[in-house]
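Taking the hints into account, I'd like the entire structure generated from these sequences.
There are 2 protein chains.
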Amino acid sequence: LKKEALKYAKELEKEGNEVFISASPCFGACDIALEEAKKVEAEKIIHFGHSKLIDIKEIEVEYVEPKIEIEKELLNQLITEASQKIRFKKIGLVTNVSHISQLKEIKELFKRNGKEIFTANGERTKKEAQILGCDVSAATKIEKEVEAFVYFGGGLFHPLGALILTNKPFFVIDPFQRKIDEITNLREKYKKISNAKISIASQAKTFGILVSTKPGQFNLEKALKIKEDLKKIGKEGFLLVANTFDFNEISNFEVDAFINTACPRIGIEEGERIKNKPILSVEEFYFLFKLLNSKDS
Amino acid sequence: LKKEALKYAKELEKEGNEVFISASPCFGACDIALEEAKKVEAEKIIHFGHSKLIDIKEIEVEYVEPKIEIEKELLNQLITEASQKIRFKKIGLVTNVSHISQLKEIKELFKRNGKEIFTANGERTKKEAQILGCDVSAATKIEKEVEAFVYFGGGLFHPLGALILTNKPFFVIDPFQRKIDEITNLREKYKKISNAKISIASQAKTFGILVSTKPGQFNLEKALKIKEDLKKIGKEGFLLVANTFDFNEISNFEVDAFINTACPRIGIEEGERIKNKPILSVEEFYFLFKLLNSKDS
Chain A
1 LKKEALKYAK ELEKEGNEVF ISASPCFGAC DIALEEAKKV EAEKIIHFGH SKLIDIKEIE
61 VEYVEPKIEI EKELLNQLIT EASQKIRFKK IGLVTNVSHI SQLKEIKELF KRNGKEIFTA
121 NGERTKKEAQ ILGCDVSAAT KIEKEVEAFV YFGGGLFHPL GALILTNKPF FVIDPFQRKI
181 DEITNLREKY KKISNAKISI ASQAKTFGIL VSTKPGQFNL EKALKIKEDL KKIGKEGFLL
241 VANTFDFNEI SNFEVDAFIN TACPRIGIEE GERIKNKPIL SVEEFYFLFK LLNSKDS
Chain B
1 LKKEALKYAK ELEKEGNEVF ISASPCFGAC DIALEEAKKV EAEKIIHFGH SKLIDIKEIE
61 VEYVEPKIEI EKELLNQLIT EASQKIRFKK IGLVTNVSHI SQLKEIKELF KRNGKEIFTA
121 NGERTKKEAQ ILGCDVSAAT KIEKEVEAFV YFGGGLFHPL GALILTNKPF FVIDPFQRKI
181 DEITNLREKY KKISNAKISI ASQAKTFGIL VSTKPGQFNL EKALKIKEDL KKIGKEGFLL
241 VANTFDFNEI SNFEVDAFIN TACPRIGIEE GERIKNKPIL SVEEFYFLFK LLNSKDS
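Heads up: the protein sequence lines correspond to chains A and B, in order. Position one of the first sequence corresponds to residue 1 (the working numbering), numbered consecutively onward. Position one of the second sequence corresponds to residue 1 (the working numbering), numbered consecutively onward.
Because the hints were derived from the structure by calculation, they are not lab data. A few of these clues could be false.
Identical copies go unnamed one by one, so any copy, or any two together, can satisfy a pair.
To be verified - Each computed SDA-like pair below joins lysine to any residue, with the alpha-carbon atoms no more than 20 Å apart:
1) Lys222 - Ala42
2) Lys227 - Leu12
3) Lys222 - Val19
4) Lys107 - Asn293
5) Lys7 - Glu284
Structure, rendered in structure tokens:
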């Protein structure tokens with residue numbers, strides 16, 4: 001995407017615009033370079049690679065959605081193979097924004113192979129079957145109706161969240177690596193990690209509550225509530241504010257554990273970086289809260 | 001400092017304040033956590049570890065300056081030893097904010113050991129003899145009058161900038177490691193690196209111009225001027241905006257070299273991280289500009 005940005009910048013400059021490129025890392029549709037845009041007094045933000053997720057009031061945002069067209073023949077081959085491999089009939093289909101343009105075709109191919117396809121629209125996501133790191137409701141909403149889930153797309157970033165919050169067999173069709181994998185077993189691994197984190201955190205006395213300033217990740221109310229709730233169970237909370245969390249930086253804080261109110265991926269993907277200092281999700285914290293609160297009373 | 005922050009936060013909370021701790025890395029007195037403070041609607045920023053450098057209009061900033069008292073006996077011992085080691089009489093003295101409280105004592109000890117001490121007030125620095133990564137004028141201003149420089153303090157962060165921009169013998173008294181070092185030879189090393197960077201950049205066609213959004217590092221005018229000047233020598237410039245520059249991130253941009261308008265330390269300390277893509281300081285760029293411009297005309 002960084003390569004594209006330079007090309008795109010050149011074109012916009014030819015039209016007489018002054019173009020600034022954000023050189024900050026970008027972690028999703030929630031991560032609009034608003035601070036950078038404001039500082040240089042930009043009139044418009046062009047955001048590459050994601051579809052619209054949040055309303056930005058201060059400045060116009062144009063989204064350049066990614067669209068990856070998988071060749072028809074390969075698509076046909078992958079869906080046919082997947083249909084043979086997946087022994088279930090009722091399938092919940094989820095994907096990311098890049099493949100939405102081929103969603104109809106994918107559903108059609110599954111049907112032709114004898115499958116019944118279920119999809120939903122998520123809470124924060126705007127497109128049918130679309131899931132995000134922070135919104136896998138396009139999967140959870142249809143869980144009761146389906147026998148298994150299929151995620152169509154590359155990488156584990158998107159399906160991992162959906163896997164953790166559901167309980168049905170889970171398959172991934174990766175059109176880039178051209179393979180079909182079952183990842184159901186991974187669920188057990190993440191549940192074990194989660195339990196270990198909660199167990200360590202139950203001994204913690206002080207907690208750092210992570211609050212991101214990113215437009216779509218700012219959850220101050222939630223953080224303040226957690227701080228209050230920590231008091232109720234005799235623990236101490238410190239509000240730690242940053243745009244992007246630098247894990248070398250926060251590991252310097254002398255707290256025993258962290259609670260993450262920013263991107264839910266932080267606890268899953270980055271959590272293992274801080275040894276013996278678990279990063280709990282909000283849900284994991286409240287699980288612990290109930291546990292300790294019921295013990296006390 | 002992160003440990004201090006938690007202690008300090010507790011005290012402020014006892015007085016009835018809601019305290020937020022910035023978890024962003026902080027690179028100096030220019031790096032006030034303004035974005036974080038605005039986002040949580042803080043009424044005041046308390047900034048640890050630096051003295052005031054820039055005016056922040058949006059919000060009150062209280063500076064908690066570091067003050068490190070070196071034991072009298074050790075101080076006496078170090079200055080006596082340094083006076084014997086440094087064969088020059090006229091000495092330019094520079095230090096960082098932590099040792100300002102002992103400046104008078106240090107000067108006195110040098111005089112007692114037969115030295116003539118020169119100091120100046122810098123352009124951006126507020127205290128006598130104080131130097132910063134971005135302001136070593138407390139050294140350059142007195143260069144003509146002195147035979148050698150002495151930096152009193154720990155680390156190479158501060159003296160390196162002064163070393164590079166001066167030409168007299170340079171000594172460091174490190175009270176933490178309890179030793180006196182001559183670093184004059186390092187100057188040659190950095191000049192060689194600088195020449196190599198300029199030489200590589202002379203072949204570059206496209207440049208990324210780094211613009212930091214940090215309150216005290218924002219130099220948009222300078223960046224826009226550089227972009228214009230690049231055109232004059234047939235090169236292309238892209239404005240890259242971020243708060244903290246992530247070097248993994250910016251190395252993804254397909255430009256041949258960078259020009260840094262943010263903290264001058266970036267080019268010196270981080271420059272070697274990006275292989276074959278030099279980061280020029282503004283001064284280095286204009287050296288190259290003159291070189292190429294005179295060739296053309």
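Consistency of the hints with the structure:
1. Lys222 - Ala42: between (31 Å within a copy, 17 Å between copies)
2. Lys227 - Leu12: Result: close only across copies, 15 Å inter versus 46 Å intra.
3. Lys222 - Val19: Intra 36 Å, inter 15 Å, cutoff 20 Å: inter-copy only.
4. Lys107 - Asn293: This pair counts as neither: shortest intra-copy Cα distance 47 Å, inter-copy 61 Å.
5. Lys7 - Glu284: The answer is neither: 44 Å in one copy and 27 Å across copies each exceed 20 Å.
Figure legend: structure checked against the earlier numbered hints; hints not met, in rising order: 4, 5.
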